[in-house]
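Numbering of the sequence shown is given in our numbering, commencing with residue 5 and proceeding in unit increments.
Hints are not guaranteed to be accurate.
The calculated lysine-lysine pairs, modelled on DSS-like cross-linking and capped at a C-alpha distance of 30 Å, are [unchecked claim]: (1) 9 to 53; (2) 61 to 16; (3) 61 to 9; (4) 77 to 53; (5) 77 to 16; (6) 16 to 53; (7) 77 to 61.
Hints listed in this document are in silico derivations from the structure and should not be mistaken for laboratory results.
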Amino acid sequence: MSEQKGPVVRAKFMCLSVTHFANNGTDTQAEIRFTAVYGNGEDNRSWSKWTPSGELKMMVTNPTAIEAFELGKSYYLDFTPAA
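Start from the sequences, fold in the hints, and give me the full structure.
Written out as structure tokens, the structure reads:
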């Protein structure tokens, strides 16, 4: 197992929307949108000194992954260097 190289940046994002689409009538896909969480906590301190601002949008085609995200719930997003 290889060791992690470089710093990890952690951000806290809230799920804004989950929009489902039919793909060829059988496959499911969803566009999932997130926004940065702001407040007095320490959750975003590794990347934002003051009020964080950010948005993430991704198209997900794995049904299990789609079900993992709940509207209005917050999630950590960790950035680690890729090999």
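Pair hint residue 61 and residue 16, alpha-carbon separation not exceeding 30 Å: 14 Å, holds
Sort out whether residue 53 lies within 30 Å of residue 16, counting only the CA atoms. Holds. Residue 16 to residue 53 sits at ~14 Å (cutoff 30 Å).
Check the hint pairing residue 9 with residue 53 against an upper bound of 30 Å on the C-alpha distance. Holds. Residue 9 to residue 53 sits at ~24 Å (cutoff 30 Å).
Measure nothing beyond the straight line between the CA atoms of residue 77 and residue 53; if it is 30 Å or shorter, mark the hint as holding. Within the cut-off at roughly 23 Å; holds.
Holds or violated: residue 61 to residue 9, with C-alpha atoms at most 30 Å apart: With Cα atoms ~26 Å apart, residue 61 and residue 9 stay inside 30 Å; holds.
With the threshold set at 30 Å, check whether the alpha-carbon distance from residue 77 to residue 61 stays at or below it. 15 Å, holds
Distance restraint between residue 77 and residue 16, which requires alpha-carbon spacing of 30 Å or less: 10 Å, holds
In summary, this structure violates none of the numbered hints.
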